[in-house]
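Asks: Residue numbers (my numbering), protein chains in the order written: chain D, 2 to 94; chain L, 23 to 491.
I should point out that these hints are in silico values taken from the structure, not numbers from a laboratory.
Heads up, a few of these hints could be off.
[Claimed, not checked] Listed next, the stretches of chain D that the computed footprint assigns to chain L, with coverage defined by at least 3 CB atoms under 8 Å from CB atoms of chain L:
1) 3-16
2) 31-38
3) 51-60
4) 71-77
[Unchecked claim] No farther apart than 25 Å at their CA atoms in a straight line, the calculated lysine to aspartate or glutamate pairs in the DMTMM-like style are these:
5) L:Lys392 with D:Asp46
6) L:Lys268 with D:Asp46
7) L:Lys392 with L:Glu274
8) L:Lys385 with D:Glu44
9) L:Lys419 with D:Asp23
10) L:Lys385 with D:Asp58
11) L:Lys98 with D:Glu19
12) L:Lys419 with D:Glu49
13) D:Lys41 with L:Glu308
14) L:Lys385 with D:Asp46
15) L:Lys419 with D:Glu26
16) L:Lys419 with D:Glu51
17) L:Lys98 with D:Asp76
18) L:Lys392 with D:Glu51
19) L:Lys419 with D:Glu37
20) L:Lys98 with D:Asp83
21) L:Lys98 with D:Glu22
22) L:Lys392 with D:Asp58
23) D:Lys41 with D:Glu8
24) D:Lys90 with L:Asp353
25) L:Lys419 with D:Glu22
26) L:Lys392 with D:Glu44
27) D:Lys41 with L:Asp272
28) D:Lys90 with L:Glu308
29) D:Lys90 with L:Glu92
30) L:Lys98 with D:Asp75
31) L:Lys268 with D:Glu44
32) L:Lys392 with D:Glu49
33) L:Lys116 with D:Asp76
34) D:Lys41 with L:Glu269
35) L:Lys385 with D:Glu37
36) D:Lys90 with L:Glu341
37) D:Lys41 with L:Glu274
38) D:Lys41 with L:Glu377
39) L:Lys385 with D:Glu51
40) L:Lys98 with D:Glu44
Glycine included, every Cβ here is placed at the ideal spot set by N, Cα and C.
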Amino acid sequence: MAITREEVLHVARLARLELTEDEVERFTEQLSAILEAVAKVSELDLSEVEPTAHPLDVINVWADDEPRPCLPLDDALANAPDREAGFFKVPPA
Amino acid sequence: MIDTLRLTAEEAMGLVGRGEVSGAELHRAYLDAIDERDGELHSYLRTVDEPDGHGVPIAFKDLISTRGVETTAGSKILSGYIPVYDATVATRCKEARLTLLGKTNMDEFAMGSSTENSGFGPTRNPWDPARVPGGSSGGSAAAVAAGLAPWALGSDTGGSVKQPASLCGIVGLRPTYGTVSRYGIVAFASSLDQIGPMTKTVRDCALLYRIVAGRDPCDTTTVELAQPVQIPEREDLNGLRIGVPKELNDAEGIEPGVKELTERTIELCRELGAEVGETTLPRSVEFGLPCYYLVAPAEASSNLARYDGVRYGLRVEGEDGVRAMYDRTRDGGFGDEPKRRIMLGTYALSAGYYEAYYGQAQKVRTVIAKEHAAAFRDFDVLVSPTSPTVAFELGAKTANPLAMYLSDVLTIPSNMAGLPGLSIPCGLSDGLPVGFQLIGPQFSENTLFDVGHALERAIGFDFVPGRFH
Numbered sequence: 002m003a004i005t006r007e008e009v010l011h012v013a014r015l016a017r018l019e020l021t022e023d024e025v026e027r028f029t030e031q032l033s034a035i036l037e038a039v040a041k042v043s044e045l046d047l048s049e050v051e052p053t054a055h056p057l058d059v060i061n062v063w064a065d066d067e068p069r070p071c072l073p074l075d076d077a078l079a080n081a082p083d084r085e086a087g088f089f090k091v092p093p094a
Numbered sequence: 023m024i025d026t027l028r029l030t031a032e033e034a035m036g037l038v039g040r041g042e043v044s045g046a047e048l049h050r051a052y053l054d055a056i057d058e059r060d061g062e063l064h065s066y067l068r069t070v071d072e073p074d075g076h077g078v079p080i081a082f083k084d085l086i087s088t089r090g091v092e093t094t095a096g097s098k099i100l101s102g103y104i105p106v107y108d109a110t111v112a113t114r115c116k117e118a119r120l121t122l123l124g125k126t127n128m129d130e131f132a133m134g135s136s137t138e139n140s141g142f143g144p145t146r147n148p149w150d151p152a153r154v155p156g157g158s159s160g161g162s163a164a165a166v167a168a169g170l171a172p173w174a175l176g177s178d179t180g181g182s183v184k185q186p187a188s189l190c191g192i193v194g195l196r197p198t199y200g201t202v203s204r205y206g207i208v209a210f211a212s213s214l215d216q217i218g219p220m221t222k223t224v225r226d227c228a229l230l231y232r233i234v235a236g237r238d239p240c241d242t243t244t245v246e247l248a249q250p251v252q253i254p255e256r257e258d259l260n261g262l263r264i265g266v267p268k269e270l271n272d273a274e275g276i277e278p279g280v281k282e283l284t285e286r287t288i289e290l291c292r293e294l295g296a297e298v299g300e301t302t303l304p305r306s307v308e309f310g311l312p313c314y315y316l317v318a319p320a321e322a323s324s325n326l327a328r329y330d331g332v333r334y335g336l337r338v339e340g341e342d343g344v345r346a347m348y349d350r351t352r353d354g355g356f357g358d359e360p361k362r363r364i365m366l367g368t369y370a371l372s373a374g375y376y377e378a379y380y381g382q383a384q385k386v387r388t389v390i391a392k393e394h395a396a397a398f399r400d401f402d403v404l405v406s407p408t409s410p411t412v413a414f415e416l417g418a419k420t421a422n423p424l425a426m427y428l429s430d431v432l433t434i435p436s437n438m439a440g441l442p443g444l445s446i447p448c449g450l451s452d453g454l455p456v457g458f459q460l461i462g463p464q465f466s467e468n469t470l471f472d473v474g475h476a477l478e479r480a481i482g483f484d485f486v487p488g489r490f491h
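Chain D with its partners taken away, still in its complex shape (with noise of 0.2 Å):
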């Protein structure tokens, strides 16, 4: 296996997923076969070679500093699950 149990409930974790008994088998055979096959990119010898992080030439896109509307407090809340007071409400911490 390209990873473990005890690795796919690390990245569980990280990635705040509560997985079930089920999910974690499922996911600890599956996650092995796709690292398996994506570890091909390691066969390269890259090492002279610059990474790509974005397919354009585009930097340091600047804008003028002009003030808009932005969205009405109510509108920014309308999706909430919870509210209170023109906040998000969750539950305690």
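On the provided structure of chain D, position chain L as indicated by the hints.
Replies: For chain L alone, coordinates are given in the frame of chain D:
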């Protein structure tokens, strides 16, 4: 009587422009067609009953924000989400007097090649309802092919416009990265995502691209088009140099029927006056897929971190505070494919693995871009099949994610380089459509439209599925 199966968007604009048919009558004709045929196909997640304007209708993939109209990206985690603003492409369509007909089904968060990953049930292929329409823009492709919309917008990250267009027998453009705004689009992999037109003809495709393309101050990755979009009229290919990359055309898994039609179409390019020659992309095809399945999940794991049950969408409450709420919301709201990709991306970006996976994939991306640039020194356009196969049966690849990923092996390489690609139907293999992929250098859409239009005329493909004749 409006025959929505045959009517092109250009013809629809003519009818409305000359006052022969009103926008409301057109809208009604498409809603009637949807009532008649979409029960079987499920290309729409929801329709809009009353047109907001008087122009020609259009359908949007359900990841394009539409003010006041639910937008889910095919995910239960966004169920009930009603955008409070329009995406820029939606605004541009409104300014062009297009009216929203409805929102089309898709693989959840655009992750998939069959539309079976939708959180709301699959879409079926209008040519054969036992088969998939491709994906992730399968709803848009099926709607256009079945005469349930004159045209539609989809999105393409690894092939999600080109591949479903191919499997449904329509035209699809993945534009040059940065030419169409993504403001208001539900993000998947931001260095790859592009919005693209899905239409019955190449001229419709150019018309819709002209409406949506151009710089948007709200999306700093957009650029101004170098030349205005031209609606193609050419009937020959004189003076054009067309390259046939052998790795894209001899790739493992290309079905014999697909290969034969592709070769016949290449021969047609020669007959129309093009200079045709073989070329090579030595590492782009072999390493394109692994490169994509590191870069796209890495970006997705970051983009999908926003779904936490706080500001919008689903919330699943837990007994023990906010952290349990996050974890349960995300486990309950995402389907398997987003979970797989979030975990793959999180792994590829995690300490100790970053350089070997994500860092290395970004370098492969440079190699792929350089190989394509080298091929374009000798050729104006590169060609290949769009998809190695015709539409496959529902369920055929759902148990094996890697087999599903291979559906995009021919569309991914040029996507990694930010290049535009056009898929046009080139014939039927055993009664199912085959797509022909045209790839150009960045900003070469006008050339792709010219070649696509000349070929389309010469091929004379009937875009109405046989079972509706």
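Asks: Of all the hints given earlier, name the ones this structure violates by number, lowest first.
Replies: 12, 16, 28, 40
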